[in-house]
Amino acid sequence: MRESGGLAKDWVRGWWVFAALITLTVLEFGLLFVDMPVGLFRVLLVAMNLADAWLILYYFMHIAQLWGGE
Amino acid sequence: MAHPQVVEHTAEARLSVNRTGLWLFILSESFLFGAALSSRYYLQGVERPPELNQLLGLGITLVLLTSSLTAYRAERAAVHGQLPGLIRNLVATVGLGLLFMVGVVIEWYEAFHYFPPSTAYGTIFLTTTGLHGFHVLTGIVALTFILFLGRDGRFTGGNFWPVEGAVKYWHFVDVAWVFIYPTLYLVQ
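So the protein lines, in turn, are chains A and B. All residue numbers for the first sequence refer to my numbering, where the first residue is 1 and numbers rise by one. All residue numbers for the second sequence refer to my numbering, where the first residue is 1001 and numbers rise by one.
Everything labelled a hint here was simulated from the structure, so no lab data went into it. This structure is a prediction, so every number in the text was calculated from the model and none was measured. Please note that the accuracy of each hint is not assured.
Stated by the list, open to error - A short, non-exhaustive set of chain A residues, derived as facing chain B with CB atoms under 8 Å:
#1 L32
#2 D35
#3 N49
Claimed, not checked - Pairwise CB distance ranges (calculated):
#4 A:D35 with B:G1153: 53 to 59 Å
#5 A:L40 with B:F1148: 48 to 54 Å
#6 B:R1154 with A:P37: 52 to 58 Å
What the hints assert, rightly or not - Here are a few chain B residues that sit away from chain A, every Cβ distance over 12 Å (derived from the structure):
#7 A1035
#8 S1038
#9 L1099
#10 F1112
#11 H1113
#12 R1151
#13 V1187
Ideal Cβ positions, reconstructed from N, Cα and C, are used throughout, including at glycine.
Isolated chain A (complex conformation) (with noise of 0.2 Å):
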């Protein structure tokens, strides 16, 4: 068993992480109201999806353990 301040540091990192998702993806809704060249909307959506990939896979999921950086 771990101390209980090594589970709390976890949680506040998963609120954090919350919160950015939740930013990113409604933003990516919000795009659909905005006047922009197809080709940028296009570019953003994509950059936002890989950046939540990238959230939940390495923060939630800790792809790093795999290369040993966690």
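Given the structure of chain A, go ahead and fit chain B onto it with the hints provided.
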């Protein structure tokens, strides 16, 4: 009797093998979703029907992202040996997963009405969301299984791999949806 250091080393090696195996499984699954998503662009380009319920798509996405937070909290609680946190967050994750499935049922009801399977978009939409929904259901079953098995604390005494494995699978289902949502609902 085995030396404690040897036992610890063996447990670490086993955990590493388990993780690598799960990541390989996730990689193979991602090809399946990649194929489904690419068929959308091949068959339909970037067109989407105007009747698509954008708000429902956003709503179920937010529900699934919230379930990822509770799944993460459950996994961390297991790692830190905190049983109440594990149980509470697993229950929340399963509940949010079921809520997501209610949203999928509503979107299917609307899909059959506005763009049935006989249309190209209907085929893509129902196949992709059906494939994903099946993964969500299996994730719910796995998490429920872990929830019932873990009530007595068997996953909070250092043996947290079953929780970690089920939760990683759940996060993968979330990552898949992160790409499905814009592909079906947003891209134009």
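Evaluation of the provided hints:
| no. | hint | result |
| --- | --- | --- |
| 1 | L32 | holds, 6 Å |
| 2 | D35 | violated, 13 Å |
| 3 | N49 | holds, 6 Å |
| 4 | A:D35 with B:G1153: 53 to 59 Å | holds, 56 Å |
| 5 | A:L40 with B:F1148: 48 to 54 Å | holds, 49 Å |
| 6 | B:R1154 with A:P37: 52 to 58 Å | holds, 56 Å |
| 7 | A1035 | holds, 17 Å |
| 8 | S1038 | holds, 14 Å |
| 9 | L1099 | holds, 16 Å |
| 10 | F1112 | holds, 24 Å |
| 11 | H1113 | holds, 22 Å |
| 12 | R1151 | holds, 18 Å |
| 13 | V1187 | violated, 6 Å |
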